[in-house]
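Take the sequences, apply the hints, and build the full model.
Protein chains in written order, with the numbering used here: chain A, 233 to 458; chain B, 233 to 458.
There's no promise every hint is true.
Intra- or inter-copy, both count: the list cannot distinguish identical chains.
[Said to hold, decoys possible] Straight-line alpha carbon distances no greater than 25 Å define the calculated DMTMM-like cross-link-like pairs of lysine to aspartate or glutamate that follow:
1) K367 / D427
2) K332 / E342
3) K367 / E273
4) K303 / D247
5) K301 / E271
6) K398 / E318
7) K261 / D368
Rather than coming from a laboratory, the hints here were simulated on the basis of the structure.
Protein chains: 2
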Amino acid sequence: MINDLTPIATSTRADIVEIRIREYLSNKKLKTGDTLPTELELAEALDVSRNVLREALSRLRMLGLIETKKKRGMVLSAPDILGSFERVLNPQLMDENTMKDIFELRLVLELGMADLLYLRKTDKDIAELEQIVKKDKNADAEEFRISQEIAFHGKLYEITGNNTLKRFQTMLMPIFGFVLSNSHHSIKSGVSHSDLVQILKNGDRDSFSDAMREHLRPHIEFLKER
Amino acid sequence: MINDLTPIATSTRADIVEIRIREYLSNKKLKTGDTLPTELELAEALDVSRNVLREALSRLRMLGLIETKKKRGMVLSAPDILGSFERVLNPQLMDENTMKDIFELRLVLELGMADLLYLRKTDKDIAELEQIVKKDKNADAEEFRISQEIAFHGKLYEITGNNTLKRFQTMLMPIFGFVLSNSHHSIKSGVSHSDLVQILKNGDRDSFSDAMREHLRPHIEFLKER
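Structure (structure tokens):
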């Protein structure tokens, strides 16, 4: 499709050096904790100035791929895979298609997490959910309704016990909020937060899965208009 | 939990300048296409050297947050939200917990995507899936089996029509492959790729959802051991 074509970005020297170093790490099969050549060695091998090299290294440091250790010099580190993602997630700078993609992604995650919930839920989790839904009946004001949405669904992500999933959701929250406050739902769901908690407490995985789908139905219907 | 505590990273001047500029963009509610102050203005306002400023700007350029336009100078751009994520996804540099998180994330996505599939599947998609599963019966060799897994499940992501989801999956593939080739499943699934295609073709969303869960059951059982 022609709208998948994006202009070729003009590469700076730092772009190229950054790519070369990443290729080098990959090809050499270097692992976390391994030492990198010195700045001088790298600059000579790549035939670039120290300034350009430092710019590229600064980027890799930002991504958490390298760190400088006392006495040992530069070593490879396990990057925080969501750290750089977090840096660019700004709803104001996001195009509409990406926003919609992310909103759908949220629905897919919540429709698919029942197994993890049933595998890892504890009595304490259920008690916390019950506390959260108690406040639902006061949720008339739009702003309060959104904060209740975030508290309830956020707690579900937490119960999955999957730290990457949980952090992912924390980052995407501003976008969910943005989409929620811009959507007008004439369709009402027949399943409330409170119903979901009761099923998670006493019902089985399949009933929960069906109930969650019914709970999210207004959003799923909304997708059909896309 | 104490294992959630990570050492406080030592910040360089470029780290701080990068954060300040991102805060500035956010606070000023700048949008895509808006012009940034010049390098000189920024260096003076932040009271830092041009070198440090350039290092920070280089990082933002790498993230796709700013670009330099002829005659207009630096402008804000819509970042490629997955671009920087892609840069750090290297299974060799990933710790075991993150790998497991990502493997679970994949299961959650595939268990939750039935609605998108039923909303967007076309006859052409089904025909392509049928082509893919034809080769399944030859999939004795481990390596070929993994490539069939990737082809089949990859096509499902494509059918969702969600570009972010699809790219996400492409990036995570090396990790899925890594986990797959390291896992030993004594449990066999009762539902094959070919069964799934037939249900997607002729069955309803609920039957597909149940069948997908049965197809992924060996992996779900594997989670219980975690």
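Going through the hints against the structure:
In this homomeric assembly, K367 and D427 come within 25 Å of each other (Cα to Cα) only inside a single copy, at 14 Å, whereas the closest approach across copies is 45 Å. In this assembly of identical chains, K332 and E342 lie within 25 Å of each other by CA distance both inside one copy and across copies; the values are 16 Å within and 19 Å between. When the C-alpha separation of K367 and E273 is checked against a cutoff of 25 Å, the pair qualifies neither within a copy, at 62 Å, nor between copies, at 49 Å. Taking the closest pair of Cα atoms, K303 and D247 come within 25 Å of each other only across two copies (22 Å); inside a single copy the shortest separation is 28 Å, beyond that limit.
In this assembly of identical chains, the alpha carbons of K301 and E271 lie at most 25 Å apart only when taken from the same copy (14 Å versus 31 Å across copies). When the C-alpha separation of K398 and E318 is checked against a cutoff of 25 Å, the pair qualifies both within a copy, at 13 Å, and between copies, at 19 Å. For the homomeric pair K261 and D368, neither the shortest alpha-carbon distance inside one copy (52 Å) nor that between copies (32 Å) is at most 25 Å.
Consistency with the previously given hints fails for numbers 3 and 7, ordered from lowest to highest.
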